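Its first residue numbered 22, the sequence shown is counted upward by one per residue in our numbering.
Be aware that a few hints might be false.
[Claimed, not checked] Lysine to any residue pairs mimicking SDA-like chemistry, simulated, CA-CA at most 25 Å apart: (1) Lys24 with Asp62; (2) Lys84 with Pro43; (3) Lys72 with Val87; (4) Lys72 with Pro43.
[Unchecked claim] Label-pair ranges, simulated between beta-carbon atoms: (5) Met22 with Val87: 50 to 58 Å; (6) Arg25 with Ser76: 13 to 21 Å; (7) Lys102 with Glu45: 36 to 44 Å; (8) Glu41 with Ile61: 37 to 45 Å.
Keep in mind that the hints were calculated from the coordinates and are not lab data.
This structure is a prediction, so every number in the text was calculated from the model and none was measured.
Heads up, the beta-carbon is just placed ideally off N, CA and C, and yes, glycines get one too.
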Amino acid sequence: MSKRQDGVLITAPLFGVGREKPEEFPGYSCGYCQGNGYVIDPDIITECVKKSCPSCGGTGKVKAVVTIDWIPDGELKPYFKNE
């Protein structure tokens with residue numbers, strides 16, 4: 022069986038630090054309701070009552086929104102410590 026797989030290649034920006042715009046990856050089946058858009062209400066035992074999925078809101082699909090924040094990392098270089 023084939024499986025959809027997206028990849029993201031992350032490289033540091035050429036100039037400085039900052040925030041990169043959000044990237045969206047839509048069209049994934051909801052893992053909470055398995056793409057049905059509903060879940061069975063566990064509080065009602067006598068009958069099968071469908072509730073809207075709390076994860077996808079009833080659409081059966083979810084999307085990932087990826088935002089990258091670039092910040093300084095590591096120790097200050099020794100030649101900057103004497104200033």
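Hint-by-hint comparison with the structure:
1. Between Lys24 and Asp62 the CA atoms are separated by roughly 30 Å; this puts the pair beyond 25 Å, and the hint is violated.
2. As the CA atoms of Lys84 and Pro43 are separated by approximately 12 Å, the hinted pair is consistent with the 25 Å bound.
3. Proximity of Lys72 to Val87 is assessed by CA-CA distance (about 29 Å); at most 25 Å being required, the pair is judged violated.
4. With a CA separation close to 31 Å, the supplied pair Lys72 and Pro43 exceeds the 25 Å bound.
5. Separated by about 26 Å at the C-beta atoms, Met22 and Val87 break the suggested range of 50 to 58 Å.
6. Between Arg25 and Ser76 the CB atoms are about 19 Å apart, so this pair conforms to the stated range of 13 to 21 Å.
7. In this structure the supplied range 36 to 44 Å holds for Lys102 paired with Glu45, their Cβ-Cβ distance being about 42 Å.
8. Take Glu41 and Ile61: their Cβ atoms lie about 40 Å apart, and the range 37 to 45 Å holds.
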